[in-house]
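K.L.:
Sequence:
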Amino acid sequence: YMKNAKALQKAWHDRPATPLETSVWWAEYVARGNGNKFLKSYAAQLNWFQRHRIDVFGVLFLIILFIVYIIRKTLTVILHLIFKPPTIKLNGNANFPSKKTN
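Numbering (the working numbering), first residue to last: -9 to 92.
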């Protein structure tokens, strides 16, 4: 552990400038305008609906709506099968006139 700590300390202190000088250099670099391209947010290139993730929320909303529709239809069919009105069965076709075939 001590050997690794010493190697890390040596690598940390083996820098061309102090942390203050490095931060000043980066501040001046950005102020010159050379760093503007890669420092801009990617969101600046997106459409407003992509930036606010309306496209993602729209797809999620449609998926949830479809799932609710499927659940509702399934429950309707199940409840209809369970609570359907009783049907009256007639013995044969005694109450209906028979067709005569020639």
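Among these hints, one or two may not hold up.
[To be verified] Derived CB-CB ranges, DEER-like: (1) Gln40 / Leu71: 55 to 65 angstroms; (2) Leu36 / Ile57: 35 to 45 angstroms; (3) Glu11 / Phe51: 37 to 47 angstroms; (4) His3 / Ile54: 52 to 62 angstroms; (5) Thr12 / Tyr32: 19 to 29 angstroms; (6) Lys(-7) / Asn37: 46 to 56 angstroms; (7) Phe28 / Trp2: 23 to 33 angstroms; (8) Thr12 / Met(-8): 35 to 45 angstroms.
Think of the hints as simulated: they come from the structure by calculation, not from any bench. Computed from a prediction, not measured in an experiment: that's the story for all the values here. For each residue, glycine too, the CB sits at the ideal point set by N, CA and C.
K.L.:
Against each hint, give a clear statement of whether it holds in the structure.
P.N.:
Evaluated hints:
For Gln40 and Leu71, the Cβ-Cβ distance of about 46 angstroms falls outside the hinted range of 55 to 65 angstroms, so the restraint is violated. Checking the proposed 35 to 45 angstroms range against Leu36 and Ile57 shows it is violated: the Cβ atoms sit about 29 angstroms from each other. Restraint check, Glu11 to Phe51: a C-beta distance of roughly 52 angstroms breaks the suggested window 37 to 47 angstroms. A C-beta distance of roughly 56 angstroms is found between His3 and Ile54, which places it inside the suggested range of 52 to 62 angstroms.
Hint check: Thr12 to Tyr32, Cβ distance near 26 angstroms, so the stated range 19 to 29 angstroms holds. Range check, Lys(-7) to Asn37: about 54 angstroms between beta-carbon atoms, so the 46 to 56 angstroms window is met. Range check, Phe28 to Trp2: about 26 angstroms between beta-carbon atoms, so the 23 to 33 angstroms window is met. At roughly 28 angstroms, the beta carbons of Thr12 and Met(-8) sit outside the given window of 35 to 45 angstroms.
The structure shown violates the earlier hints numbered 1, 2, 3 and 8.
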